Amino acid sequence: MSSKTRVRNLLVYTDEVGKSYIQLSPDSTRFKVVEAIIDMALSILETPKGRQSLVDVATRFVVARNSAKNPVPHLYKRPMNEMPKCIDEFLDKTRKNFPYTFLTITDGEAIAVKEDWGTDMAQYDP
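The sequence shown runs 355 to 480 under the working numbering.
What the hints contain is simulated information worked out from the structure, not anything from laboratory work.
One should not assume that every hint holds.
Quick list of in silico lysine-lysine cross-link-like pairs, DSS-like style, CA-CA up to 27 Å [unchecked claim]:
#1 K386 x K450
#2 K386 x K447
#3 K431 x K450
#4 K386 x K373
#5 K403 x K373
#6 K447 x K431
#7 K450 x K403
#8 K439 x K450
#9 K403 x K431
#10 K447 x K403
Quick list of the computed label-pair ranges, beta carbon to beta carbon [as the list claims (entries may be wrong)]:
#11 I376 x F444: 24 to 34 Å
#12 R362 x T383: 16 to 26 Å
#13 S379 x P453: 14 to 24 Å
#14 P453 x R432: 20 to 30 Å
#15 V417 x E370: 41 to 51 Å
#16 K386 x P453: 17 to 27 Å
#17 F444 x V371: 15 to 25 Å
#18 K386 x K447: 19 to 29 Å
#19 T458 x L429: 22 to 32 Å
#20 R384 x V426: 33 to 43 Å
No experiment lies behind these values; they were computed from the predicted model shown.
Note that CB positions come from ideal geometry on N, CA and C, so glycine has one too.
Produce the complete structure using the sequences and hints provided.
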């Protein structure tokens with residue numbers, strides 16, 4: 355499958371040249387790796403379990419915001435029973451027009467800022 359059909363409208367930028375970003379060519383190996391990772395992540399979210407997980411998280415988020423003493427504004431205005439349809443639309447739009455992707459730490463692939471979890475997993479607090 356061509357890279358332009360898996361994750362459509364994907365643009366990947368890197369800051370390797372210093373303070374400005376350059377757009378990676380869709381033919382470059384790095385672009386293809388980023389696209390494959392995004393495609394795999396979306397594919398997981400598009401499974402029935404992935405979709406249900408997103409519905410569950412989004413529902414909890416909306417319910418929590420709506421039930422706060424001072425309700426916090428959010429974008430979801432539909433009835434809660436339409437959340438699965440909203441998630442389907444979100445995934446479809448995301449795959450068809452993926453947000454710009456910026457590679458900002460390019461001195462090592464899969465680099466992450468790591469925090470000390472301590473010695474007791476039960477005490478982990480992100």
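Hint-by-hint comparison with the structure:
no.: 1; hint: K386 x K450; verdict: holds, 17 Å
no.: 2; hint: K386 x K447; verdict: holds, 20 Å
no.: 3; hint: K431 x K450; verdict: holds, 23 Å
no.: 4; hint: K386 x K373; verdict: holds, 24 Å
no.: 5; hint: K403 x K373; verdict: violated, 41 Å
no.: 6; hint: K447 x K431; verdict: holds, 18 Å
no.: 7; hint: K450 x K403; verdict: holds, 21 Å
no.: 8; hint: K439 x K450; verdict: holds, 16 Å
no.: 9; hint: K403 x K431; verdict: holds, 24 Å
no.: 10; hint: K447 x K403; verdict: holds, 19 Å
no.: 11; hint: I376 x F444: 24 to 34 Å; verdict: holds, 30 Å
no.: 12; hint: R362 x T383: 16 to 26 Å; verdict: holds, 20 Å
no.: 13; hint: S379 x P453: 14 to 24 Å; verdict: holds, 19 Å
no.: 14; hint: P453 x R432: 20 to 30 Å; verdict: holds, 22 Å
no.: 15; hint: V417 x E370: 41 to 51 Å; verdict: holds, 43 Å
no.: 16; hint: K386 x P453: 17 to 27 Å; verdict: holds, 18 Å
no.: 17; hint: F444 x V371: 15 to 25 Å; verdict: violated, 34 Å
no.: 18; hint: K386 x K447: 19 to 29 Å; verdict: holds, 23 Å
no.: 19; hint: T458 x L429: 22 to 32 Å; verdict: holds, 26 Å
no.: 20; hint: R384 x V426: 33 to 43 Å; verdict: holds, 39 Å
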